[in-house]
Amino acid sequence: MTEIRWHGRGGLGAFTAARLLGAAVSLHEGKYALAFPSFGPERRGAPVFAYTRIDSKPITDRSEVVECDCAVVLDDTLFGDPVKSGLKPGATVIINTTKQAKDFPVDGVQVVTVDATGLALEILGRPITNVPLLGALAAATGITAVQSIEAAIDDQLAPKIREKNKILLNKTYQLVKEAL
Amino acid sequence: MSGKLFVSGDEAVALAVRQAKPHVIAAYPITPQTIVVERLSDFVEDGSLESQYLYVESEHSAMCACLGASAIGARAFTATSSQGLLYMVEGLHYASGSRFPIVMMNANRSLAAPWSIYNDQRDSLSELECGWIQLYAENAQEAYDTILQAYRIAEDPAVMLPVMVNLDGFVLTHTYELIQMAEQEKVDAYIPYRNFCNKLDLEKPKATCITAGPPYNMEFRYQQHQATLRAAETIRAADREFNEHFGRSYGGLLETYRCEDADAVLVTLGSVAGTARCVVDAYREAGKKVGLLKIRCMRPFPAEETAAALKGAKAVGVLEKDVSFGFEGVVHTNVNSALKEWNVTVPTANYVGGLGGRSISKADIAGIFDGLLSGSLNASETAFVNLRRDICGA
Numbered sequence: 001m002t003e004i005r006w007h008g009r010g011g012l013g014a015f016t017a018a019r020l021l022g023a024a025v026s027l028h029e030g031k032y033a034l035a036f037p038s039f040g041p042e043r044r045g046a047p048v049f050a051y052t053r054i055d056s057k058p059i060t061d062r063s064e065v066v067e068c069d070c071a072v073v074l075d076d077t078l079f080g081d082p083v084k085s086g087l088k089p090g091a092t093v094i095i096n097t098t099k100q101a102k103d104f105p106v107d108g109v110q111v112v113t114v115d116a117t118g119l120a121l122e123i124l125g126r127p128i129t130n131v132p133l134l135g136a137l138a139a140a141t142g143i144t145a146v147q148s149i150e151a152a153i154d155d156q157l158a159p160k161i162r163e164k165n166k167i168l169l170n171k172t173y174q175l176v177k178e179a180l
Numbered sequence: 001m002s003g004k005l006f007v008s009g010d011e012a013v014a015l016a017v018r019q020a021k022p023h024v025i026a027a028y029p030i031t032p033q034t035i036v037v038e039r040l041s042d043f044v045e046d047g048s049l050e051s052q053y054l055y056v057e058s059e060h061s062a063m064c065a066c067l068g069a070s071a072i073g074a075r076a077f078t079a080t081s082s083q084g085l086l087y088m089v090e091g092l093h094y095a096s097g098s099r100f101p102i103v104m105m106n107a108n109r110s111l112a113a114p115w116s117i118y119n120d121q122r123d124s125l126s127e128l129e130c131g132w133i134q135l136y137a138e139n140a141q142e143a144y145d146t147i148l149q150a151y152r153i154a155e156d157p158a159v160m161l162p163v164m165v166n167l168d169g170f171v172l173t174h175t176y177e178l179i180q181m182a183e184q185e186k187v188d189a190y191i192p193y194r195n196f197c198n199k200l201d202l203e204k205p206k207a208t209c210i211t212a213g214p215p216y217n218m219e220f221r222y223q224q225h226q227a228t229l230r231a232a233e234t235i236r237a238a239d240r241e242f243n244e245h246f247g248r249s250y251g252g253l254l255e256t257y258r259c260e261d262a263d264a265v266l267v268t269l270g271s272v273a274g275t276a277r278c279v280v281d282a283y284r285e286a287g288k289k290v291g292l293l294k295i296r297c298m299r300p301f302p303a304e305e306t307a308a309a310l311k312g313a314k315a316v317g318v319l320e321k322d323v324s325f326g327f328e329g330v331v332h333t334n335v336n337s338a339l340k341e342w343n344v345t346v347p348t349a350n351y352v353g354g355l356g357g358r359s360i361s362k363a364d365i366a367g368i369f370d371g372l373l374s375g376s377l378n379a380s381e382t383a384f385v386n387l388r389r390d391i392c393g394a
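Listed in order, the protein sequences are those of chains A and E.
The first sequence runs 1 to 180 under my numbering.
The second sequence runs 1 to 394 under my numbering.
These are computed hints drawn from the structure, not numbers from a lab.
Among the clues, some could well be false.
[To be verified] EDC-like, lysine to aspartate or glutamate: derived pairs with alpha carbons at most 16 Å apart:
1) A/K57 / E/D281
2) E/K4 / A/D154
3) A/K88 / A/D76
4) A/K177 / A/D115
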């Protein structure tokens, strides 16, 4: 079982990222996934969590995610105890930031940084960072393949935003892959 | 429309309802059911579902519109949750007493006060006496499949009763997962629309929703009770036939999971049964003899099957997301009554958990099994699982 925790703010698209990842692995890689938000009302700008659970067999566990294999942070101002706690040993933390990995010290985990907002502004013209962070996740962890995320974008996103998001996805994937 | 989809429980329900082709949908949105009615109104708007969609002003009106539709033989659907279910209670009894085969999805959510939009099962379990068949789903696939089964059960001429399909709020309604869609031709073959035997008909005039005074009232109730008891066999048949058509089945009214030779069995319903499976597997791997009894149908209650499944156990725990204040959880009461009725003597203990959205972890369930296996049950006290004792004076 692989568990990914998404840290976002209401409106940033953390749950969309969780859902796209679930669709990518379950519809296009023959695995099983659950994707769910932190339950309850969402307020724009307030900290929110989303989760993706992935396994090679059907997942029956409906309990809350306690420890994750990977935490993805959509906004670096969210870096703090909620990000640093509940990580499995050897976990990966991916942070959307213009700063360096050394600026986000967490013991015993791999920290990967990427300027997803900058890339999204450049390619989409809007600071929507869920797709580039999926690219960073694929590059840093290999949890899913870029082709599967592309297929999930085709299934799940509106037609007019698909192509630009795929360009953004691939560019972020390559940047993170090269930096590792 | 066949194939696999990655959807939420709410979306799975809406997709199944579209394939069941109800003539009338009347519903009022309420969290966490909202997506069901949003999707269905989208389907009617985009022409993929030909149905009369009524935008009513309340849940009471939603149920009354379904009553009217059902009275003239129309296949009807509604969906609600929590306060909305309570607001339509008067209509629930009209529906069951009039033998109208309405299908309703209920997103299980806590009841106010204190106000909460989060999951527990106090809403539907407080309505066990309203004459509706009550089914509970464990995951999105079962929710989708159970909506289709619900029409097969409700409209069976031997039954003619309304069916409530329950999904745990958020845990199922808002979690996305893989579902296998059914082919439309197979759905049409599984639940073909047929005229309701009790519909209002100008050729064969009859009265319905009638008054019945003392000389007749009890006979109506007796027949309603008999029909609900008979529904048990229809529910089993609907599940068997579903398996023949679609290759999936759920055990009818209940499912036993690794209960053979089990010393300790946990009885529960809804999504937490899935979490319990993980704990059962882990304990079995460690050589501990535990099992799970998942109740899928609360009304009619599978008393004989429950007793048969539990008769070999040394201890039974009932985990439920409700409590009848001043006594115990109502599922525990039902299980104990079934055991007594069928002369099965086994210690039982009641665990109330998950109220108002409190999480139930694998460790919580493991703790219950440990208590059951220890042989020192405190059966007289209802245990509140994962209670914050420091802030409530416990």
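We went through each hint and held it up to the structure:
no., hint, verdict
1, A/K57 / E/D281, "holds, 14 Å"
2, E/K4 / A/D154, "holds, 15 Å"
3, A/K88 / A/D76, "violated, 21 Å"
4, A/K177 / A/D115, "holds, 14 Å"
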